[in-house]
Amino acid sequence: DAKTTQPTSMDCAEGRAANLPCNHSTISGNEYVYWYRQIHSQGPQYIIHGLKNNETNEMASLIITEDRKSSTLILPHATLRDTAVYYCIASSNAGGTSYGKLTFGQGTILTVHP
Amino acid sequence: DAGVTQSPTHLIKTRGQQVTLRCSPISGHKSVSWYQQVLGQGPQFIFQYYEKEERGRGNFPDRFSARQFPNYSSELNVNALLLGDSALYLCASSSGLVWKVQETQYFGPGTRLLVL
Numbered sequence: 528d529a530k531t532t533q534p535t536s537m538d539c540a541e542g543r544a545a546n547l548p549c550n551h552s553t554i555s556g557n558e559y560v561y562w563y564r565q566i567h568s569q570g571p572q573y574i575i576h577g578l579k580n581n582e583t584n585e586m587a588s589l590i591i592t593e594d595r596k597s598s599t600l601i602l603p604h605a606t607l608r609d610t611a612v613y614y615c616i617a618s619s620n621a622g623g624t625s626y627g628k629l630t631f632g633q634g635t636i637l638t639v640h641p
Numbered sequence: 095d096a097g098v099t100q101s102p103t104h105l106i107k108t109r110g111q112q113v114t115l116r117c118s119p120i121s122g123h124k125s126v127s128w129y130q131q132v133l134g135q136g137p138q139f140i141f142q143y144y145e146k147e148e149r150g151r152g153n154f155p156d157r158f159s160a161r162q163f164p165n166y167s168s169e170l171n172v173n174a175l176l177l178g179d180s181a182l183y184l185c186a187s188s189s190g191l192v193w194k195v196q197e198t199q200y201f202g203p204g205t206r207l208l209v210l
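Protein sequences appear in the order of chains U and V.
For what it's worth, my numbering labels the leading residue of the first sequence as 528, then goes sequentially.
For what it's worth, my numbering labels the leading residue of the second sequence as 95, then goes sequentially.
Please keep in mind that the hints were generated in silico from the structure rather than gathered at the bench.
A few of these clues could be false.
[Unchecked claim] FRET-style restraints, in silico, Cβ to Cβ:
| id | chain 1 | residue 1 | chain 2 | residue 2 | range |
| --- | --- | --- | --- | --- | --- |
| 1 | V | S121 | U | H567 | 23 to 29 Å |
| 2 | V | G178 | U | Q569 | 19 to 25 Å |
| 3 | U | N581 | V | S121 | 29 to 35 Å |
| 4 | U | E593 | V | T108 | 18 to 24 Å |
| 5 | U | H640 | V | F163 | 45 to 51 Å |
| 6 | U | T535 | V | Q112 | 35 to 41 Å |
| 7 | V | N153 | U | I636 | 22 to 28 Å |
[As the list claims (entries may be wrong)] Here are the simulated SDA-like pairs of lysine to any residue, each with C-alpha atoms no more than 25 Å apart in a straight line:
| id | chain 1 | residue 1 | chain 2 | residue 2 |
| --- | --- | --- | --- | --- |
| 8 | U | K579 | V | S189 |
| 9 | V | K146 | V | Y200 |
| 10 | U | K530 | V | N153 |
| 11 | U | K530 | U | T599 |
| 12 | V | K124 | U | S619 |
| 13 | V | K107 | V | V209 |
| 14 | V | K124 | U | Q569 |
| 15 | U | K596 | U | E558 |
| 16 | U | K596 | U | N581 |
| 17 | V | K146 | V | V113 |
| 18 | V | K107 | U | S568 |
| 19 | V | K124 | U | G577 |
| 20 | V | K146 | U | E582 |
| 21 | U | K530 | U | E582 |
| 22 | V | K107 | U | H567 |
Where is the CB? At the ideal position from N, CA and C, for every residue including glycine.
When you get a sec, could you build the whole thing from the sequences and use the hints?
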């Protein structure tokens, strides 16, 4: 799986959009970009994933650059409950020994302020 | 629908003991993965099971083993516990409808193991 790089921490005001960047410059053509978040001491929660195109669901939007070397997770209206560690993961769908493996980095600690 | 469930929620063991952690996947999911998360780090992949067979293994010693049952639930066993095994153990399930296609994994709440 390609290595991802995220800022260690970010702040956001409640009600504003939170834009979380992720670099994955060595991503291969068959690797998806996944975003998970983990609220203190809970299991990671799936947010969104994409391959090439931008994606949107009820939780967030994912913007992937055309060269796929970076992406941005957007929480359109952050709330206090969005305070969590956000993980960006590049994961292959090619199977083999890495099948089923998500490689988590350190993630970004997002703090939403009132 | 119920999500991934894990038991127990917390566990305290002493060095040298053995522990068994349990996971029930989302109904209809056939694939289960196990992760270890030590304090301050992201989860680390241990195993992935599909149709009762091990399909992926991370860089963990042989003291770690797992199995999957016909109902797709799974157990993680750790023998000869070390202090460093203290961690949150996470189980994730995916549908496994199409083998070798990366599918979204959904995580349970985890089992927090403390080794004294």
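| query | If you check each hint against the structure, which ones fail? | reply | Of the numbered hints, 4 and 20 do not hold.
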